[in-house]
Amino acid sequence: MKKKLSIEGMHCASCATNIEKSLKKVSGVKEASVVLMLKKGTVECEDSVTDDEIKKAVARAGYKVTKIE
Amino acid sequence: MNEHHHEEPVEDSEIVSWKKKLIWSWIFTIPIAVLMLSERLFGFSILEMPYSSILILALGFPVVFIFGWDTIKGGVRGLVTFYFNMDSLIALGTMVAYLTGILAFTGIVADYSGVSAMIMAFFTTGKYVEALARGRASQEIRKLLELSAKNARVLRGNKEIEIPMDEVKVGDILVVKPGEKIPTDGVVIKGESSVDESMVTGESLPVDKIKGNNVIGATINQDGILYVKATKVGKDTFLAHIIELVEEAQGTKIPIQKLADKITSIFVPAILILATLTFLGWIFFSGDLSRSIGVGVAVLVIACPCALGLATPTALMVGSGMGAKRGILIRKGEAIQTMKEVKIIVFDKTGTITKGKPEVTDVKSLIPEKDLMVIAASLEKLSEHPIAKAIVNKTSVKTYKKVSAFKVLRGRGVEGKIGKDLIIIGNRTLMNERKINLGKLENSIEQFEEEGKTTMIVANNKKVIGAIAVADSLKDDSREAIRRLNSAGYKTVMITGDNERTAKAIARQVGISDVIANVLPEDKAKKVEELQRQGMVAFIGDGINDAPALKQSNVGIAMGTGTDIAIEAGDIVLARGSLIGVVQAINLSKATFAKIKQNLFWAFAYNVIAIPLAIAGVLHPVVAEIAMALSSVTVVTNANLLRNKKI
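Chains as they are written, first to last, in numbering that gives the first Met the number 0: chain C, 0 to 68; chain X, 0 to 646.
It cannot be assumed that every hint is accurate.
In silico DSBU-like pairs for lysine-lysine, Cα to Cα no more than 30 Å straight-line [said to hold, decoys possible]:
(1) K550/X / K388/X
(2) K2/C / K149/X
(3) K252/X / K38/C
(4) K252/X / K23/C
(5) K2/C / K261/X
(6) K3/C / K189/X
(7) K1/C / K234/X
(8) K369/X / K342/X
(9) K331/X / K2/C
(10) K380/X / K63/C
(11) K257/X / K23/C
(12) K234/X / K29/C
(13) K3/C / K380/X
(14) K228/X / K380/X
(15) K24/C / K149/X
(16) K252/X / K54/C
(17) K331/X / K3/C
Computed beta-carbon distance windows for the label pairs [to be verified]:
(18) K66/C / G106/X: 50 to 58 Å
(19) G178/X / E45/C: 46 to 54 Å
(20) E30/C / K189/X: 46 to 54 Å
(21) S5/C / F104/X: 24 to 32 Å
(22) I265/X / E45/C: 26 to 34 Å
(23) S5/C / D475/X: 36 to 44 Å
(24) D475/X / E30/C: 41 to 49 Å
(25) N392/X / K66/C: 44 to 52 Å
(26) I160/X / T65/C: 28 to 36 Å
(27) F603/X / K66/C: 30 to 38 Å
(28) G106/X / E68/C: 57 to 65 Å
(29) E30/C / K416/X: 49 to 57 Å
(30) P254/X / E45/C: 48 to 56 Å
(31) E68/C / R290/X: 20 to 28 Å
Partial chain C-side listing against chain X, Cβ under 10 Å, derived [stated by the list, open to error]:
(32) A12
(33) N17
(34) V25
(35) K38
(36) I67
It is worth saying that the hints were derived from the structure and are not from the lab. Built from N, CA and C at the ideal position, the CB exists for glycine as well.
Construct all of the structure, not just a fragment, from the sequences and the given hints.
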């Protein structure tokens, strides 16, 4: 499944790559892409991955998820 | 409707917050600068030591640790969790510099505390300017988000009531007065008007709308009252799709960006190591602790992954925004890189080069013409093909003959039985296949074909009884578009199911020299594949029948008119049906890609030159910070310059 994230707190290019790295470490996440310009990200993952896990992964890198669709 | 317009414009809050930090930082930093410079430039101190140092420490504290708190916090967290970002570099650089101000009292090291405040102030300034420029880069996209209507006037019983957009349901009747925005996608059920669709399709001329026509949400009704039945709301609307598409494109990675991304992801830790090594190296070789700290701090703050990381996405953002404004939707970022390599442009004929609305122009009949047309229309009525529709439209009878055993022979024609008679209607290929002799009609048919008309031959029990010529006129600017592509050096090719002669006639009219005729719809992809042996191919089609060919080509450009777009099919989607859009899409892709390359070059060049200079100790930390701030601002500003390019 595909989840769309709105992310707060990014302000540089390495922020985006940090979040991508952190998201990809979540088991079940196949692909993660974060766009600094839009403050958005997309995660491709198995259905078993919960929104909470995603939020935690983003928080681990130091940023906040404001919305998951 | 969609939730987009409830959101704050994306960049605003960020800009405001940087601006606040920026003003406060400078209020405290300017006095520091005066104190420091007076000492350096004029050789006397306004304040005696150690009061001057104490004052600088006091003034610098809020700049670094209060106005710069978000940066310090984020940076330290990055250092602790190993998710390094550029804040980590700034935080480390400023804190080390600030610390020297305290250590300076012991006399073991020179005082860099003033430098820490200046670094933070310039960093904040750079971030503010960068945020402004990034906001400008996404302005077109934000305008799209703001396009959607907020309210709609709905007919309930006989009453018109105004309700918020998210309460509008499919099937509601909307009343749209002159000058008003059409709230959502729908179909006109009453009224006549012209509608300005330029904001979503890029079509500059107003489009006439009468009963039965589709209208697009967010377009402006100009002169009459329209009663519109809502057919799509919320996330399903055309506008919502466009926005999703543009955002999706922004998320796709362009191959050329990969190296930059790889570097960005290891950039900060690499710099941390480099700065440490630099510091140790300087201590080892010079033994000057103060100097070594200064150089180390310069290395920390000069390095910035931002220019590298922003080079591609900002240019792509500006490019796709410029496209969206003109009805050119770049779906896959990769397409703009591939476009540069494209040598051959293949056009589908019907609906792409031509209007796709064929009309009957000539009828040659061996039986009374009316009888021929009734027979033809009775069969064609059962087909969905545009040519079939043209024949039915021409005939206009009330009662059709009963047809049994009807079959569509894809790409060739139709057959069916009227009573006991087997009727076959189709092209030359079909007649050859069934071994039906064209007999007396051969000459007329040939002449129709010479004129670029598609000819449907009617046979009754394997005997030809007539021929119906159908012509599909060229779109107004097809010829101009092809001329521009030819003169730009592209090989243009037309592909069609028509026979050779008809196809060549159309190609001649429009200025295309290469024709691939007699191609069944399902074989188009194969033909594209064959052409790919000669070079990269862009395929232009309507996206409905052509999906496989669009996919097979290196760059697939799907075109539609208004809401009838097969969005999923193309790498680039044209909202407007004009072939000039193809020329613009090609120009835009090339210009955007050139800008990306330029940006990446500068970003690499900056780091390759600046970092060694900092290591060599040539740059003062404050100068290093200014250079760093300028590097990312330059990249984003350069991306914005793409707008000056004429597309």
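Checklist entry - Checked against the structure, which of the hints given earlier come out wrong? => result Result: hints 6, 8, 10, 13, 15, 21, 30, 31, 34, 36 break, sorted rising.
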